[in-house]
Structures are given as structure tokens and as C-alpha cells.
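**Q** Let chain E serve as the given structure and place chain U with the ligands on it in line with the hints.
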Amino acid sequence: MKVLVCISQVPDTVTKIVLKDNNTAVEENGVTYILNPYDEWYALVRALELKETGVAESVHVIMVGKANTEPVIRKALAIGGDEAIRIDADSNDSYATANYIAEYAKNEGYDLILCGKESIDYANGAVGPMLAELLDTDFIGFATNIAVADNTATVKREIDGGEETDEANLPLVISCQKGVAEARIPNMRGIMTARTKPLKVVTPAAVTALTSVTHYELPPAKAGVKLIAADQMDELVNLLHTEAKVI
Amino acid sequence: MSVIVLVEHTEGTIKKKSLEAVQYAAEIAKKLGTTATAVATGKIADTELQGLGAYGAQKVLYVADDRLNDLHARAITRVLVAAAKQENSPVIVTLHDVNGRAIAPRVAIQLKAGLISGALSYPDTVKGFVVKKSAFSGKAFAYVNATSEVKVIMLAPNSFQLNKTEGAATVENFSVNFEDKDFGVKVKSVDKITGEVPLSDAELVVSGGRGLKGPENWGIIEDLAHALGAATACSRPVADAGWRPHHEHVGQTGGTIRPNLYIAAGISGAIQHLAGVSGSKTIVVINKDPEAPFFKAANYGVVGDLNEVLPRLTEAVKKFKAEHH
Ligand SMILES: Cc1cc2nc3c(=O)[nH]c(=O)nc-3n(C[C@H](O)[C@H](O)[C@H](O)COP(=O)(O)OP(=O)(O)OC[C@H]3O[C@@H](n4cnc5c(N)ncnc54)[C@H](O)[C@@H]3O)c2cc1C
Ligand SMILES: Nc1ncnc2c1ncn2[C@@H]1O[C@H](COP(=O)(O)O)[C@@H](O)[C@H]1O
Chain E
1 MKVLVCISQV
11 PDTVTKIVLK
21 DNNTAVEENG
31 VTYILNPYDE
41 WYALVRALEL
51 KETGVAESVH
61 VIMVGKANTE
71 PVIRKALAIG
81 GDEAIRIDAD
91 SNDSYATANY
101 IAEYAKNEGY
111 DLILCGKESI
121 DYANGAVGPM
131 LAELLDTDFI
141 GFATNIAVAD
151 NTATVKREID
161 GGEETDEANL
171 PLVISCQKGV
181 AEARIPNMRG
191 IMTARTKPLK
201 VVTPAAVTAL
211 TSVTHYELPP
221 AKAGVKLIAA
231 DQMDELVNLL
241 HTEAKVI
Chain U
1 MSVIVLVEHT
11 EGTIKKKSLE
21 AVQYAAEIAK
31 KLGTTATAVA
41 TGKIADTELQ
51 GLGAYGAQKV
61 LYVADDRLND
71 LHARAITRVL
81 VAAAKQENSP
91 VIVTLHDVNG
101 RAIAPRVAIQ
111 LKAGLISGAL
121 SYPDTVKGFV
131 VKKSAFSGKA
141 FAYVNATSEV
151 KVIMLAPNSF
161 QLNKTEGAAT
171 VENFSVNFED
181 KDFGVKVKSV
191 DKITGEVPLS
201 DAELVVSGGR
211 GLKGPENWGI
221 IEDLAHALGA
231 ATACSRPVAD
241 AGWRPHHEHV
251 GQTGGTIRPN
261 LYIAAGISGA
271 IQHLAGVSGS
281 KTIVVINKDP
291 EAPFFKAANY
301 GVVGDLNEVL
311 PRLTEAVKKF
321 KAEHH
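In order, the protein sequences belong to chains E and U. Counting in the UniProt record's numbering, the first sequence runs from 1 upward without gaps. Counting in the UniProt record's numbering, the second sequence runs from 1 upward without gaps.
Next up, chain E with everything else stripped away, as it sits in the complex:
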């Protein structure tokens, strides 16, 4: 079984967002980019576990991104991916990103494609189901547990107000969240071998993006906290009713 893990690059949550060019862009200086946590901690690690237990024979990682995403791709190889594909394009629109990946993946015979639940920058969670539609496969989203045997995946996933267990045949696209696996830290050997693992650069298919960000806005500063004495809970309830109007 061949597994493909879709990975994206996102600003680290702890970086401060500063806007520039009349709020039409985010200042990149000072932003640390990381592998999207859902892709790294859950999708990639589960794929590696499937390989380690003999269910999968190879784990490829794919990133739609320009050359500046290569350090993050190398990190995925250091954690244990066998080989990487970088589709040399910006990834600002899920429709285009999914099409680029599908165009590449359709001839590669992947049995299982794992994505993260969402990229933490724009939280679309769209690339996975779009890929499934383009590749004419099923998609199971928000997985918390994945088992694969005999061409069938058994997946526990979040539903509205609970959990359910689904079964679907491969090929299949699954999006992963907490529960699917435990995060791993790359070891020295992994980091050394990652340098020599194949990283293929592919030209994107001719697909036009259908969305773009016109501008950004920073949330208004909080007016400041109103402190209520610990023995005045009637007052707090009263404020929640009359001022905040939430109860």
C-alpha cells in the first residue's frame, strides 16, 4: 500500500501578525513557518506507523509551495517520510491546490491519502475533500483513529455531537486530528538521512485560483478586562445579562 501525506506550511501560532502594504499583506519578516501541526503530528505519524507495522510499503509527502517551503518538507522527511514531492506553486486557494495535487497523484497509484483536519492559517479544511472529489474517491473527515486492513479502512471520526465509526474501501482520503497518532520529534539519524532523501520538484498543472485575499484586519483591541470581586457573583451575572447580553 502506498500512502501520500499532504503537508502545508503555516505561520507558527505564537508569531505576532503584523500587516503591511495598506493591510493587503502580512509582514513576513519575523514570522516563523512550521509544518502544519495536524499534518505533522497526526497524518504523517499515522502514515509512518502504518509503514512500521507492515501495512504500508511507502510514505510520500507532498507540498504545494515555492522553494522557501523546502526546510519544512525536509522536516517531514526527517520525521520519516520516504520521499517528497514539491509542486512549485503558491498555495493561496484550495481549489487550485487540490487540483495540483490531484493532477500529480492520479497516476501514482496511492491507496491512502492523509491530510490534516485543516491548515491552521485559514482553517479551510478544504483540500482533502476536494482531492477526494477530483480523484473520485471517498473522504472521511475529522478522523480520531485509523486502522487499515485488506483494502478497507476503519475510521473513527467526529460527528455533530459525538463520534462514529465508518468503514470505506481504498483508495480513500482521510483528514486527521488529535487521537490519530502521537507527535514525534525527529532524531539525529532522521535529520541526517533527510538530506539525501529524494525531493522531487514538479511543475503545477494549468489551473487558475478562484479566490484571493483582498485585505486583512486585526481584531479590535479588547476594551480591557472588567474585574469583579470574588464575592460579587450576582453582579457578574447581572453584567452578563444587561451589558454583555449573553444570558
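Please keep in mind that the hints were generated in silico from the structure rather than gathered at the bench.
With a straight-line cut-off of 30 Å between C-alpha atoms, the simulated DSS-like cross-links for lysine-lysine are:
hint: 1; chain 1: U; residue 1: Lys288; chain 2: E; residue 2: Lys16
hint: 2; chain 1: U; residue 1: Lys16; chain 2: E; residue 2: Lys156
hint: 3; chain 1: E; residue 1: Lys245; chain 2: U; residue 2: Lys15
hint: 4; chain 1: E; residue 1: Lys2; chain 2: U; residue 2: Lys188
hint: 5; chain 1: E; residue 1: Lys226; chain 2: U; residue 2: Lys213
Fair warning: this is a prediction, and the values are worked out from it, not measured in the lab.
**A** Same frame as chain E, now just chain U with the ligands:
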């Protein structure tokens, strides 16, 4: 022409967040000089469907197929695409929830439509079709322009106040030829969290952190949640330690919620925690440390021992409820 909106139901009762979606679609329709058409599937009574008229739907396309009580994403995609083609729809609306997020991206591929997720505003159609959404874990808003002819929008639940009006929608039976592959995903077992308010849709949330010291102390969180009719949540270390179930964990690596009220007790307010809750309309922080970073993100703060403050707050809520029914 009409704007299409998918509605979800629980055993025949349309979900409140879907009423919001209908109202949202109707408002967009008005803006575009057209009407809103709701799409519903599964077992729902006619009166319930007609009731969507009170939220602005003029018509309901109803697929009475019991298999679609579960929202099989591929089957619903087929329904929405057929409905959008029939209605020559410029815009298709779903919710930004577990169901909408499995369906809307597929619809976008089929219709070659720009997809806008987590919409927080009506589209601004003065220069293009621009919708506001949250970005970078709540640290900014992004305005996304869809340039395609058809647009698909996933609306963030709890973004608009419901305004019920008069009116009944006409219900039309709608039929679609499904294929076997539309039901390829087999549901083996369902585990509903009963008796509680589901966290992802909750308007009120009470959340506890490491300051609670152990799972045996959660009674004071649950009591307050119960008095308010709120859902319960927790910080990551609490879920990691197994004090609370994983689905309650909010933050960068857990769920993202946007309730009207988020009460955090014994949570320090790390940036990764805020990433999941900063969209809450009102935040109340209870912490014994006046320097806890969470106070900077709070609207109301109580500096004190949660073991004393929480029971007092619960009593105050009960008193308030008794006075206001
Ligand atoms: C990559 C990454 C991702 C992460 N993702 C998440 C995430 O998704 N969600 C998340 O929550 N965290 C996440 N974290 C962890 C986060 O950084 C914090 O460590 C965590 O949120 C702290 O949890 P806490 O506030 O419950 O505990 P603590 O930080 O230990 O805070 C406990 C608080 O309780 C107060 N307290 C103690 N006793 C009392 C009392 N009797 N009365 C009142 N107050 C009291 C203390 O003053 C303190 O402020 C992540 C971290 C990393 C590095
Ligand atoms: N640029 C990208 N390259 C490869 N995979 C991506 C890219 N962007 C998103 N993905 C995958 O799709 C998932 C959902 O991302 P998104 O739709 O951007 O929220 C991510 O967790 C990744 O698995």
C-alpha cells in the same frame, strides 16, 4: 435563479444553526435580487420544512430518501449540484461544520466555484464578492474574494442573530439518481454524547484547566454548566491527562469554538489555548493569579480561588434563572 442553502436536521428537527444558514442565504439572495431555496434530505415533516419560510426560504427542494438522514457527503454533493444547476444558482451555502466541510468542497469542485470557508459576514458585492473570515487562529480577519461565476460559502455557526418572521416555504419533492458509490462510506456505529450540549454548536461554554487540580473536582464546572445550560470544555493538559474526554479539548490542536459566552476557570490563557476560543463574544476568566495572561483577553475577570468562586457563580446563575424563568 436562486441561492441554494443546505439544511441539517436532528431526527426531523431542523438545527438552529441551519436556520441561521437559511437566513444568511436569504439575505444574500435579496442582495442579488433573487430568492433563497433550501435543500433538505432525509425524514422531515412538511410543516418543519414549510417553517423555513419564516427564515427567508421561498422554496424547499426536498429529497425524501431515508438513507440521507445521515449526510452521506457524496450523495448530498450530487443533490446540491443538481439543485444548483436546476436553479442556476450563483451562490451555494452550507455550514462550516463537520457536515458542511465534507460536502461544500466537493460541490465547489463540481461547479468550478471559489470556496469561502468559515464566513463571518455577508458578501460585499461592491468590488467583487468579498467575505470576512477569521485567520491565523483568530489573530486577524481575512477578506476573501471569490472571482468565479459560482461561489460556495461555508457559514460559521453562531455568527448572526436569528430573526423569525412570517411566511411559509413551498415544498417541492426533488429527485436525484444516486449511484452506489454515493453511499460508499458505511457507518458501523454511532456514539452520540447524550444529555449534554454539543460543544461545537454551544452558545455558552464553561471550561476548566489545570487549576481544577484533578478530574474529581469537575463537579463545580458541571454544576455551573448545568445551571447555565452550557457545554463543557477544557484545556489541552487536562485532556492529555485523561481528566476529561478529548473532544472537550479546545485550542490550536483541539476544537475551535465561537460561543456567546466562554467562562474559563483555572486556565492560564496560553496563546495556543486562545487560538481556539478567541472568537468567543464574551470571555469571563476566573483565576487566582492576577497576572494570568488570560485576563488580557477577557471581558470580565474574577481574581480568586475557583473552588469558592465557581459555586458562588452557580448560585447566582440559579437565582437569576429563578427570577427570569
Ligand atoms: C504546539 C502546542 C500546541 C498546544 N495546543 C494547545 C491547545 O490546543 N489547547 C490548550 O489548551 N493548550 C495547548 N497547548 C498548551 C498551552 O501552551 C498551555 O500549556 C496550556 O493551555 C495550559 O493549560 P492550563 O491553562 O490548563 O494550565 P496552566 O498553564 O498550568 O494554568 C493553570 C492556571 O490555573 C490557575 N489556578 C491554579 N489553581 C487555581 C485555583 N484554585 N483557583 C483559580 N485559579 C487557579 C493558575 O493560576 C494558572 O493560571 C499547546 C502547546 C503547544 C506547544
Ligand atoms: N499547500 C499544500 N500542499 C499540500 N497539502 C496541503 C496544502 N494546503 C493544505 N494541504 C492539505 O490539506 C489539509 C487541509 O488544508 P486547508 O484546506 O488548507 O485547511 C492540510 O492539513 C494538508 O493536509
